[in-house]
Amino acid sequence: MTNIIFYLAAGVAILSTFMVITRLNAVHALLYLIVSLLSVALIFFILGAPFAAALEVIIYAGAIMILFIFVIMMLNLGPPAIEKERLLLKPGMWLGPGLLAAILLIELVLILTGPGSATKAAEVPPRAVGLTLFGPYVLGVELASILLLAGLVGAFHLARKERND
Amino acid sequence: MLTIPVSHGLLLAGILFLLGFVCVLVRRNIIFILLGLEIMFNAAGLAFVAAGARWGQPDGQIMFLFILTTAAAEVSIGLALVFQLVHRLHTLDIDQADGMKG
Amino acid sequence: MILAFLILIPICGGVLAWTMESRHPGTARWIALAVLLGNLGLTALLVPARFDVVSAVGPFLISLELAWMPALGIHFHLALDGLNLVLVFLTHFLGLTALAAAWTEIEHKIGFFYFNLLWVLAGIMGVFLALDLFLFYFFWEMMLIPMFFLISVFGHANRTYASIKFFLFTQISGLLMLLAILGLYFIHGRLTGRYTFNYLELLGTPLSDVSGMLLMLGFLMAFAVKLPAVPLHTWLPDAHTEAPTAGSIILAGLLLKTGAYGIMRFVVPLFPKAAAAAAPFAMFLAVIAILYGALLALSQTDFKRLVAYTSVSHMGFVMLAIFAWNQLALQGALIQIICHGLSTGALFFLAGALQERLHTRELGRMGGLWAAAPRLSGMALFFALASLGLPGLGNFIAEFTILLGVYQVSKPLAVLSALGLISAAVYSLWIIQAAFHGPPQPKLVLADLSGRESAALLAMLAALVFLGLYPQPVFTAAEPALTHLTRTAATQKITEAVPAPPGENPHASP
Amino acid sequence: MELLWLIPAWPLLGFLILTCLAARLPRIMAGSVGVGSVGAAALTALLMAWDFLKHQPGRNAFTQHLWTWLDVAGLHLEIAFYLDALTLVMIIVITGVGFFIHLYSLGYMAHDQGYTRFFAYMNLFVAAMLVLVLADNLPLLYLGWEGVGLCSYLLIGFWYTDPANGYAARKAFVVTRVGDTAMAVGLFVLYNQLGTLQIQEVMQRAAAAWPAGSTMALLTALLLLGGAVGKSAQLPLQTWLPDAMAGPTPVSALIHAATMVTAGVYLIARTHGLFLLAPTALTITAVIGAATLLLAGFSALVQQDIKRVLAYSTISQLGYMFLALGVGAWSAAIFHLFTHAFFKALLFLGAGAVIHALGGEQDMSRMGGLKQKLPLTFWTFLAGAASLAALPLVTAGFYSKDLIIWQAFASPRGGLGFWFMAVAGALLTALYTFRMVLLTFTGPARTPVHHPPGLVMRLPLLVLAFLSLTAGFLETPHSLGHMRVFSGWLHTCLPEAGLAAGREAYEILFELLAGLAALCGIFGALRLYHPLAKSRYSLPESLRQYWIKGWGFDSLYDRLVVRPYIHLAQFNKNDFLDLFFVFLAWLAKTGHQTLAATQNGRLRSYAWGLGLGAAAIAAMVVLL
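Protein chains in written order, with numbering that gives the first Met the number 0: chain A, 0 to 164; chain B, 0 to 101; chain C, 0 to 509; chain D, 0 to 623.
Treat the hints loosely; a few may be bogus.
To be verified - From chain D, some residues computed to sit far from chain C (all C-beta separations above 10 Å):
1) I91
2) V173
3) L221
4) L454
5) E503
6) P539
7) Q544
8) R562
9) L576
10) S604
As the list claims (entries may be wrong) - Distance windows between CB atoms, simulated:
11) Q569(D) x L86(A): 44 to 50 Å
12) Q569(D) x H155(C): 20 to 26 Å
13) P69(C) x A208(D): 33 to 39 Å
14) K442(C) x T62(D): 55 to 61 Å
As the list claims (entries may be wrong) - Sample of chain A residues facing chain B (criterion: CB under 10 Å; computed from the structure):
15) R22
16) I63
17) Y136
Don't read these hints as lab results, they were simulated from the structure.
Think of the CB as a built atom: it goes at the ideal place given N, C-alpha and C, for glycine as much as any other residue.
Required output: the full structure, derived from the provided sequences and hints.
Below you can see the structure in the form of structure tokens.
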């Protein structure tokens with residue numbers, strides 16, 4: 000049963016992601032991306048990572064996507080933007096990247112279909128994650144916080160309109 | 000418990016990553032490129048989680064956490080750059096921003 | 000210490016000339032003149048009564064060894080034997096003619112010009128005198144940079160291209176030589192425990208066939224580029240053509256000779272076995288150079304370019320002689336070095352004089368100049384004849400002894416290179432025809448040679464005639480040195496126990 | 000005797016004075032220096048001859064060492080002069096004829112711009128020629144050899160403003176240099192084999208080291224022959240001499256008739272010891288001589304330019320000398336050289352007088368009728384022509400040529416074939432000589448006379464005419480008094496030509512036949528070319544053109560050697576070897592540009608690069 004759910008969720012994820020990259024309207028794309036993220040969250044849950052699943056929903060689908068929405072709203076992209084996007088996105092452009100992606104995918108499949116990869120997944124509860132996170136990975140946590148700080152400062156600096164420009 | 004081969008999880012991650020990559024390659028709108036990057040980050044996180052689940056270890060989720068952090072920072076910077084791009088070049092077309100030639 | 004002064008005086012003189020530039024630009028010339036004359040006097044002091052001095056290390060008349068970086072086995076080691084002495088004389092002589100050529104030609108950055116001129120000469124002198132391989136390499140590079148500036152700053156229209164080409168060729172080949180020097184240094188150090196760059200100690204280092212050949216090729220590359228040997232000669236026409244007159248004289252007269260000297264002094268004595276193995280090939284290339292240079296010279300329309308290709312041809316004789324490696328050929332090579340320096344230097348001098356007057360080097364725009372400037376044309380005729388090897392002039396002695404020597408080693412190559420005598424006649428006479436004979440150009444005003452120019456050319460002329468009728472002083476001076484070199488190479492070969500019966504000429508081509 | 004060195008030193012001094020002072024020297028001074036130096040040399044030579052005959056030095060030769068030229072690694076060369084009978088003949092011819100030609104030039108060149116230059120070159124030539132014949136060793140001989148070649152070049156191209164003269168001059172130098180190079184190689188072989196280059200030692204050692212007919216002897220003899228063939232304009236290197244007529248006429252007289260071109264003959268005679276060791280080389284010499292004399296004779300028959308007729312006739316007469324050398328008639332060859340110097344110089348000077356008188360006209364079809372206007376020139380020219388045509392009994396040419404013709408048959412190396420060719424040549428010679436005389440001096444005048452020859456030009460003509468007629472009496476055949484002054488003298492240094500057994504008896508018969516051939520030739524010329532002659536036989540035009548162009552050798556060499564060489568040079572003007580280095584430079588530059596182009600500032604193309612790289616690495620993982 001859970002297997003079926005996994006494959007269903009995977010299918011939804013792929014399909015919605017495909018929709019993301021093909022949309023002309025940024026808001027539509029965002030909505031599809033949220034669907035995609037939610038289905039990935041479901042997969043996390045199936046894979047026994049409920050903590051990650053929660054974070055996926057809260058931070059990715061919640062916070063980060065909202066950030067995008069804000070930006071799109073601030074840029075005030077309306078129907079003219081869609082027309083402009085249509086001009087930018089020519090059908091022929093899909094060919095090369097598609098081919099490259101196909102090659103990479105085939106290679107990936109060839110690599111992954113090695114022996115001894117099929118096993119069951121075991122659940123890893125949030126407690127274990129937390130213990131490890133603040134145990135051996137505490138330095139990583141500090142670095143991540145510094146990174147976030149840097150992102151904060153950088154975003155503030157960059158997004159500010161300079162007076163003499 | 001469920002018996003999903005780890006390779007299937009990784010394959011899904013790969014497919015999602017490639018879709019994101021295609022997005023980066025194809026789209027010229029910087030917002031879509033950022034979206035593509037998000038997809039790729041997410042796919043990378045998925046790969047870690049799948050691998051972590053395979054061994055029943057928390058390290059995969061921890062890596063996902065770090066990736067999440069990075070993605071958050073990246074998005075904030077990226078969107079700030081979108082503002083700059085629009086402000087300076089009045090377009091979202093990333094190919095217009097090719098001032099740094101060799 | 001005189002040897003060190005020979006190098007130091009031009010170096011200091013050069014600096015002085017440059018620093019004086021801002022206040023009294025004209026004094027640079029007089030400084031250079033004084034330096035060269037002073038040096039010439041110093042060299043004259045070195046001429047001994049007899050050349051065949053007996054010494055443990057070789058027939059050195061005077062030597063100087065100061066510690067420089069003793070920890071690495073690097074010494075400031077200069078020495079003079081008959082061979083060097085002749086070359087040092089040549090250096091000063093041509094230095095003076097270059098000075099005469101530059102006297103009015105160079106009008107801007109005079110101080111910098113003479114700085115470079117003197118430094119090139121100092122470097123060349125160092126190359127001729129150094130007996131420490133590191134020091135040798137140091138001087139080798141030292142003459143390169145000022146020469147580069149002489150071409151790139153004071154040259155003609157296409158000077159940047161020419162100077163960079165010159166620089167790349169010589170620099171890359173010089174680096175190969177550096178590698179070879181270091182290789183020899185380490186091999187010798189590992190075998191004997193004494194890490195040293197001293198030439199006299201490195202002589203006779205036992206080497207395996209492969210490493211000997213590789214190291215030999217490293218040295219040979221540097222010298223073959225300078226010489227120049229076909230097919231590494233292509234920098235030369237450009238550099239000679241674009242350089243200012245003085246630069247061309249120094250290039251043709253002296254810089255090329257450092258290559259020949261290097262092969263004589265270093266390549267064959269240090270690696271006798273490898274050199275013997277490479278000799279047939281090198282001699283073959285030399286013959287190609289003789290004929291090919293002559294062929295190319297014929298088709299050139301630029302006076303200086305034509306003369307440049309004749310250099311290729313003439314230096315082919317030198318290379319041929321050195322690899323024939325017998326006394327007769329080597330002596331001939333030395334005379335050829337001198338006479339080619341004089342005759343080609345003079346032709347460049349004349350080309351420069353013409354360019355100064357006509358503002359062109361194109362033969363197509365000359366013709367019939369004899370009527371306007373008989374003295375200049377007569378001089379050109381003389382030096383063209385010298386370059387075709389007219390008997391009675393030094394070049395003939397050189398080519399004759401070279402070919403006699405080569406004939407003992409390889410008959411076919413000697414005969415083939417004798418064909419070069421015919422083609423030399425073809426191109427030499429073509430210069431005269433194209434530039435000086437032919438219908439006179441109407442309304443052409445051409446000043447004949449000035450006193451300064453005449454004096455310089457007459458000195459060269461006299462030297463060539465003297466060498467043609469009485470070359471014995473040079474032979475006598477160089478004889479002990481060359482005998483020593485050939486003997487060194489020969490004994491080493493025997494100690495290395497090559498399974499060749501002694502007495503058989505190891506250079507004989509198959 | 001100790002003054003021997005003065006002989007070449009006089010003209011050399013003259014040369015130095017004339018070059019150094021050049022323009023500063025007044026014309027009259029330049030002329031007197033030029034003529035005086037050669038005159039002094041001639042006087043010294045006569046003194047030397049008298050001294051030589053009086054004292055008869057040991058071994059019939061005298062050597063004067065001046066200084067050591069070079070002494071290196073076993074090669075010992077002296078600047079030394081060697082005087083024997085052969086040399087003496089040569090220096091007397093050179094200085095004597097040279098003096099008269101110099102004298103003549105005073106008048107001939109009087110109005111030329113390059114008056115001083117002319118005498119400087121001429122003096123240098125005489126000096127070089129004297130060094131050539133006096134040289135004690137082969138390199139010194141080679142010095143003179145190249146020296147005369149140089150002067151020949153300078154004087155052919157004397158009027159340098161015309162590119163055609165320059166071409167002729169260069170052709171002369173380069174073609175002879177081909178021969179010279181063969182000779183130089185010969186010297187290498189000799190030194191390598193015998194260890195010496197001193198002429199007498201070479202011959203002694205060669206005789207000791209090589210048996211007759213050995214390959215080495217043949218090789219060296221052939222190489223020296225190569226030099227001689229080049230200098231003496233014999234087949235196959237004869238093409239330069241007709242063009243050499245571009246120089247002033249006195250030059251043609253001195254260099255291209257009387258002296259320099261005989262250097263080849265001298266060389267072979269001088270090294271006869273070597274040639275005697277190589278009978279094959281001697282045979283080749285004879286064949287070359289015989290072939291050349293006929294070929295050149297036919298060409299001379301059809302030329303229109305008076306100087307070219309004389310040029311071909313010179314080639315032809317040199318052919319006789321080579322034939323004589325080849326059959327071993329050494330003294331006969333030198334004797335013909337001796338008489339030829341007089342009458343050919345005379346003919347050239349006479350032709351010069353005509354050309355001078357007609358204001359530079361050289362075409363015989365535009366001459367004519369000069370017999371009355373230039374009587375002295377006519378009679379002296381006639382004397383020379385008769386001598387050249389070997390008019391029996393009264394001319395020098397008869398005695399010398401007759402001797403050769405006879406020896407061509409009678410010598411042990413000779414034969415009927417050589418004799419026949421020689422006689423045919425004699426007939427041809429008489430024919431073209433008198434054709435020339437008739438065309439030039441008889442018939443209607445076609446060009447007016449401007450400058451009749453002055454005294455300085457007439458005197459040499461008279462003297463040389465006298466010598467052309469009388470010099471032959473030094474050596475007469477058995478049937479005619481049997482004078483042996485010349486050969487008796489020469490046999491102190493040259494071997495005597497023997498006679499093949501049983502041939503002496505025919506001497507008178509063969510002499511008669513030879514004389515008859517010459518008379519026939521003259522008669523034929525009168526019948527064909529005299530203005531009053533009725534029958535005018537003309538050759539087929541194509542054959543005539545072929546002969547005029549010297550049997551097509553020029554165009555053959557042009558196509559075979561000259562043009563390919565020049566084309567090759569032109570084709571490769573920019574040195575194809577440089578292409579490799581240009582390619583390297585191009586490679587570096589293109590590499591730089593390509594890589595620089597990838598940095599286009601576009602984010603997406605960088606992403607492309609990432610993707611391709613990833614694909615490549617993954618492919619490696621998959622495939623390996």
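We went through each hint and held it up to the structure:
no., hint, result
1, I91, "24 Å, holds"
2, V173, "5 Å, violated"
3, L221, "13 Å, holds"
4, L454, "31 Å, holds"
5, E503, "45 Å, holds"
6, P539, "37 Å, holds"
7, Q544, "29 Å, holds"
8, R562, "13 Å, holds"
9, L576, "4 Å, violated"
10, S604, "33 Å, holds"
11, Q569(D) x L86(A): 44 to 50 Å, "60 Å, violated"
12, Q569(D) x H155(C): 20 to 26 Å, "24 Å, holds"
13, P69(C) x A208(D): 33 to 39 Å, "59 Å, violated"
14, K442(C) x T62(D): 55 to 61 Å, "57 Å, holds"
15, R22, "8 Å, holds"
16, I63, "5 Å, holds"
17, Y136, "5 Å, holds"
This entry does not satisfy hints 2, 9, 11 and 13, going by the numbered hints stated previously.
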